[in-house]
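Undergrad: Now for the letters of each chain:
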Amino acid sequence: MKRLDMSDRDDRGGGRPEVIALSFPARADLVALARFTAASVGARAGFDVEEIEDLRLAVDELVVSFEAVQAGGTIHLRYTHDAGTVTIECTVEPGLRSHPSEGIAGGELWGGDGELSRQLLDALVDEHGREQRQGRPCVWLRKHRANASA
Amino acid sequence: MTQVSEDNGPLVVVDGEIDLAVAPSLRERLETLLAAGHSTLYLDLLDATFLDSTALGVLVTVREQCQRAGGALHLIVTEPRILKVLEITGLATAFPLHGSRPDLAGTDQGDETTRHE
Chain A
0 MKRLDMSDRD
10 DRGGGRPEVI
20 ALSFPARADL
30 VALARFTAAS
40 VGARAGFDVE
50 EIEDLRLAVD
60 ELVVSFEAVQ
70 AGGTIHLRYT
80 HDAGTVTIEC
90 TVEPGLRSHP
100 SEGIAGGELW
110 GGDGELSRQL
120 LDALVDEHGR
130 EQRQGRPCVW
140 LRKHRANASA
Chain B
0 MTQVSEDNGP
10 LVVVDGEIDL
20 AVAPSLRERL
30 ETLLAAGHST
40 LYLDLLDATF
50 LDSTALGVLV
60 TVREQCQRAG
70 GALHLIVTEP
80 RILKVLEITG
90 LATAFPLHGS
100 RPDLAGTDQG
110 DETTRHE
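Protein chains in written order, with numbering that gives the first Met the number 0: chain A, 0 to 149; chain B, 0 to 116.
These aren't lab readings, by the way, just hints derived from the structure by calculation. Every residue gets a Cβ at the ideal spot worked out from N, C-alpha and C, and that includes glycine. You can take every hint at face value.
Across the chosen pairs, the derived CB separations fall in these ranges:
{"hint": "1", "chain 1": "A", "residue 1": "F35", "chain 2": "B", "residue 2": "S24", "range": "20 to 28 Å"}
{"hint": "2", "chain 1": "B", "residue 1": "E86", "chain 2": "A", "residue 2": "D125", "range": "18 to 26 Å"}
{"hint": "3", "chain 1": "B", "residue 1": "G69", "chain 2": "A", "residue 2": "A20", "range": "48 to 56 Å"}
{"hint": "4", "chain 1": "B", "residue 1": "D14", "chain 2": "A", "residue 2": "E130", "range": "33 to 41 Å"}
{"hint": "5", "chain 1": "A", "residue 1": "N146", "chain 2": "B", "residue 2": "R67", "range": "43 to 51 Å"}
{"hint": "6", "chain 1": "A", "residue 1": "G128", "chain 2": "B", "residue 2": "G69", "range": "36 to 44 Å"}
{"hint": "7", "chain 1": "A", "residue 1": "N146", "chain 2": "B", "residue 2": "S38", "range": "45 to 53 Å"}
{"hint": "8", "chain 1": "A", "residue 1": "L29", "chain 2": "B", "residue 2": "M0", "range": "15 to 23 Å"}
{"hint": "9", "chain 1": "A", "residue 1": "S39", "chain 2": "B", "residue 2": "A68", "range": "43 to 51 Å"}
{"hint": "10", "chain 1": "A", "residue 1": "P24", "chain 2": "B", "residue 2": "A34", "range": "29 to 37 Å"}
{"hint": "11", "chain 1": "B", "residue 1": "T48", "chain 2": "A", "residue 2": "R26", "range": "19 to 27 Å"}
{"hint": "12", "chain 1": "B", "residue 1": "G98", "chain 2": "A", "residue 2": "G14", "range": "45 to 53 Å"}
{"hint": "13", "chain 1": "B", "residue 1": "A35", "chain 2": "A", "residue 2": "R15", "range": "56 to 64 Å"}
{"hint": "14", "chain 1": "B", "residue 1": "G98", "chain 2": "A", "residue 2": "Q131", "range": "40 to 48 Å"}
Make the full structure from the sequences, and use the hints.
TA: Here it is in structure tokens:
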């Protein structure tokens, strides 16, 4: 893990959004870090146990959708929670051995189990998508707390 | 990941979180058993706590290989989170599911099953 930053602390969305950034080498054995952080953010956002478990699986699906996890590079995750809503964005910085983020678009973004990932994300979160950001692929999700007032 | 011998067929026991880091070794273990001539395999997920799409992909692939060989891939699972994943993806009916190892005695194979600690 290269970095774990917490800024603008604010519990339960009473004020400014809380943002947590996590970066780690794109290795399969480190994907658990993404799940661990998602659980912490979900708890801080007031999610119940079921919602936290949904979030853990959903962020796992975001990360494994990048072939870069197997090819090298660096995974960057940005977790934001605001008023009972958690947003997670995932981008990949290619490593010397990897090339998946160059010119990748659309369905190519998804790994070999993309259809299963899509089914899981559809069921687990309120919104999810993929897009190009600054020339790099970004996958993201958004999940609202069930009892969120917003 | 451990493997024990069952009368009905090989039983592989996996605990903890089955994700991208574990899926390749799980696939290798199951495919090794298939290559050894076993067409029916049992996967004990009673102590597994997490299953993602990469692990599901392994199960689907091995299931197809078992079926082509005339057998099946049986799952022993009670964890609600894993059952939920199977249901979301429409795979809950794709595998013979069992709530415990002794339940296997009632499957079509009909042989007595031994519990392994």
